[in-house]
Structures are given as structure tokens and as C-alpha cells.
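Engineer: The primary structure of each chain is shown beneath.
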Amino acid sequence: DAKTTQPNSMESNEEEPVHLPCNHSTISGTDYIHWYRQLPSQGPEYVIHGLTSNVNNRMASLAIAEDRKSSTLILHRATLRDAAVYYCILRTGGATNKLIFGTGTLLAVQP
Amino acid sequence: NAGVTQTPKFQVLKTGQSMTLQCAQDMNHEYMSWYRQDPGMGLRLIHYSVGAGITDQGEVPNGYNVSRSTTEDFPLRLLSAAPSQTSVYFCASSHRTGGTSEAFFGQGTRLTVV
Numbered sequence: 001d002a003k004t005t006q007p008n009s010m011e012s013n014e015e016e017p018v019h020l021p022c023n024h025s026t027i028s029g030t031d032y033i034h035w036y037r038q039l040p041s042q043g044p045e046y047v048i049h050g051l052t053s054n055v056n057n058r059m060a061s062l063a064i065a066e067d068r069k070s071s072t073l074i075l076h077r078a079t080l081r082d083a084a085v086y087y088c089i090l091r092t093g094g095a096t097n098k099l100i101f102g103t104g105t106l107l108a109v110q111p
Numbered sequence: 001n002a003g004v005t006q007t008p009k010f011q012v013l014k015t016g017q018s019m020t021l022q023c024a025q026d027m028n029h030e031y032m033s034w035y036r037q038d039p040g041m042g043l044r045l046i047h048y049s050v051g052a053g054i055t056d057q058g059e060v061p062n063g064y065n066v067s068r069s070t071t072e073d074f075p076l077r078l079l080s081a082a083p084s085q086t087s088v089y090f091c092a093s094s095h096r097t098g099g100t101s102e103a104f105f106g107q108g109t110r111l112t113v114v
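Sequence order for the protein chains is Z and L. With my numbering applied, the first sequence covers 1 to 111. With my numbering applied, the second sequence covers 1 to 114.
Any given hint might turn out to be false.
[What the hints assert, rightly or not] Far from chain L, by Cβ distances over 12 angstroms, these chain Z residues were calculated: (1) Met10; (2) Lys69; (3) Ala108; (4) Pro111.
[Claimed, not checked] Stretch by stretch, here's where chain Z covers chain L in the computed footprint (C-beta under 8 angstroms, at least three residues): (5) 22 to 36; (6) 39 to 49; (7) 91 to 98; (8) 101 to 113.
[Unchecked claim] Quick partial rundown of chain Z residues pointing at chain L, CB under 7 angstroms, derived from the structure: (9) Tyr32; (10) Gly43; (11) Tyr46; (12) Asn97; (13) Leu99; (14) Phe101; (15) Gly104.
Calculated directly from the structure, the hints in this document are not laboratory data. A virtual CB, placed ideally from N, CA and C, is assigned to each residue, including glycine.
Just need the whole structure built from these sequences, with the hints factored in.
Structural biologist: Given below as C-alpha cells:
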């Protein structure tokens with residue numbers, strides 16, 4: 001299973017943009033890049049995913065490098081409710097569809 | 001829509017006891033999986049299933065059994081609980097559509113083995 005590398009922790013100020021990086025140099029052509037976040041004492045929740053092109057949804061944007069070896073999750077205006085652990089995961093397009101979590105990035109948002 | 005429902009929410013077991021953690025989803029998802037999360041760590045995949053009657057091992061399967069007799073249910077069995085199995089357990093489900101599916105997670109079962 002392809003691995004991802006993320007910083008252990010990051011800090012942001014409220015109402016400022018946040019860029020959360022992820023490296024996935026061993027990504028294969030059929031791997032989708034998924035982002036999940038886990039709020040304290042809750043199960044993970046889906047944020048966004050993409051394959052090659054940049055993606056936007058109501059929660060965030062995902063910027064994918066042209067060589068697909070890295071990506072960045074962008075929260076356009078961080079709020080205190082965005083404080084969570086963010087996981088960058090490669091989900092295979094093959095038969096198993098496994099989601100293998102890494103250690104994630106703990107995002108702290110300061111008021 | 002209930003989503004993914006896990007029961008119980010909390011459980012204390014004595015070493016050597018057995019129990020089953022229940023997971024049910026009402027979204028007609030083919031793919032279901034179980035994870036454990038130890039304090040300060042990420043989630044580790046225990047077992048997963050791509051459809052009724054089909055299960056496979058994840059990263060940390062030892063000490064756990066699963067079965068998938070229906071699309072809706074995916075119970076996780078601990079045959080002889082050990083203190084090392086103290087953890088928070090999460091169940092997840094998604095459609096099986098290549099790598100594009102959004103996974104939905106339950107709220108977790110906090111298990112303590114004494």
C-alpha cells in the first residue's frame with residue numbers, strides 16, 4: 001500500500017487560510033488522494049478526494065501536483081471548529097478499496 | 001438516515017472474555033471495515049469486506065474475527081480479550097466504486113480490557 005507523509009502538527013489563526021501538505025511519492029496511477037479529518041472524540045469524516053485535477057467542495061479545496069507526488073488540502077478560512085487531525089490517504093482504485101491511515105496532521109486553530 | 005451505527009459505545013471486559021462489537025449501515029454499501037485507534041495514533045485497519053460473504057485481513061488482524069452474512073452488518077469478534085486490545089474501535093462503510101467512494105464512519109466503541 002502506498003504511503004503518505006504529513007507534518008505532525010500545524011498551527012493557524014482563525015479566519016486565515018490553511019495549507020496542509022502531503023507527500024505521496026510512491027503513488028500509482030490508480031490511487032485516488034483522499035482527505036479525512038477527525039474531530040476530538042469522533043470518528044473520521046470525509047473531506048475531499050481527487051485523482052489528477054484540483055478539486056473544490058464546500059469544505060475545502062485539494063490541489064494536486066502535476067506529477068501527483070504531492071498534494072495540499074486548503075481550508076480557505078479556518079474556524080475553531082476546524083481544529084482536528086487531518087489524514088491524507090491513498091485509496092486504491094483496485095478491487096480492495098482499502099483505506100490505510102497514516103499518523104495525520106494535528107491542526108490547531110488560534111482565535 | 002442513520003448512517004453507520006456501532007454498539008456498544010463503551011465496554012469493559014476482563015482478560016479472556018469474549019465479545020462482539022456490532023456495526024450496521026443502512027446505505028447499501030458493499031465495502032465495510034473495522035479499525036482500531038490507540039491513544040495519540042492513527043487508525044489501523046483490522047479486517048475489511050468487499051461484499052456479503054467476503055472478508056479479508058487488514059494490518060492488525062490477530063485476535064479478531066469477522067463475518068459478513070448480510071450487506072448491512074459487519075460484526076467484529078474478540079475471542080479472548082487481552083489488555084493489548086484496549087482501544088477505540090471504528091467501523092466504516094462505503095460503496096465499492098474504485099477509489100472514488102466517500103467512507104462513512106461510526107462514532108466508535110471504546111473498549112477497555114482489564
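Engineer: Can you take a look at whether the region 39 to 49 of chain L is actually covered by chain Z? Rule is 3+ residues, C-beta closer than 8 angstroms.
Structural biologist: holds (count 6)
Engineer: Measuring Cβ to Cβ, find out whether Z/Pro111 lies farther than 12 angstroms from everything in chain L.
Structural biologist: holds (25 angstroms)
Engineer: Just to be careful: measuring from the Cβ of Z/Gly104 to every Cβ in chain L, is the smallest value less than 7 angstroms?
Structural biologist: holds (6 angstroms)
Engineer: Are all beta-carbon distances from Z/Ala108 to chain L longer than 12 angstroms?
Structural biologist: The assertion about Z/Ala108 holds, with a minimum of 15 angstroms to chain L.
Engineer: Does the region 101 to 113 of chain L contain three or more residues whose Cβ lies closer than 8 angstroms to a Cβ of chain Z?
Structural biologist: holds (count 8)
Engineer: Double-check Z/Tyr46 for me: the hint is only fine if its C-beta lies closer than 7 angstroms to a C-beta in chain L.
Structural biologist: holds (4 angstroms)
Engineer: Hint Z/Asn97 vs chain L: min CB-CB distance below 7 angstroms?
Structural biologist: At about 5 angstroms, which falls below the 7 angstroms cut-off, the nearest Cβ of chain L leaves the hint on Z/Asn97 intact, so it holds.
Engineer: Taking the minimum C-beta separation from Z/Met10 to chain L, is that value above 12 angstroms?
Structural biologist: holds (16 angstroms)
Engineer: Can Z/Phe101 be said to touch chain L, with a Cβ gap under 7 angstroms?
Structural biologist: holds (4 angstroms)
Engineer: Checking hints one by one. Is Z/Gly43 an interface residue toward chain L, by the C-beta closer than 7 angstroms rule?
Structural biologist: With a closest approach of 3 angstroms, the Z/Gly43 hint holds.
Engineer: Classify the hint on Z/Tyr32 as holds or violated, based on whether any CB of chain L lies nearer than 7 angstroms to its CB.
Structural biologist: holds (3 angstroms)
Engineer: If you count the residues of the region 22 to 36 of chain L with a beta-carbon closer than 8 angstroms to a beta-carbon of chain Z, do you get 3 or more?
Structural biologist: holds (count 3)
Violated hints are absent here; each numbered hint is respected by the structure.
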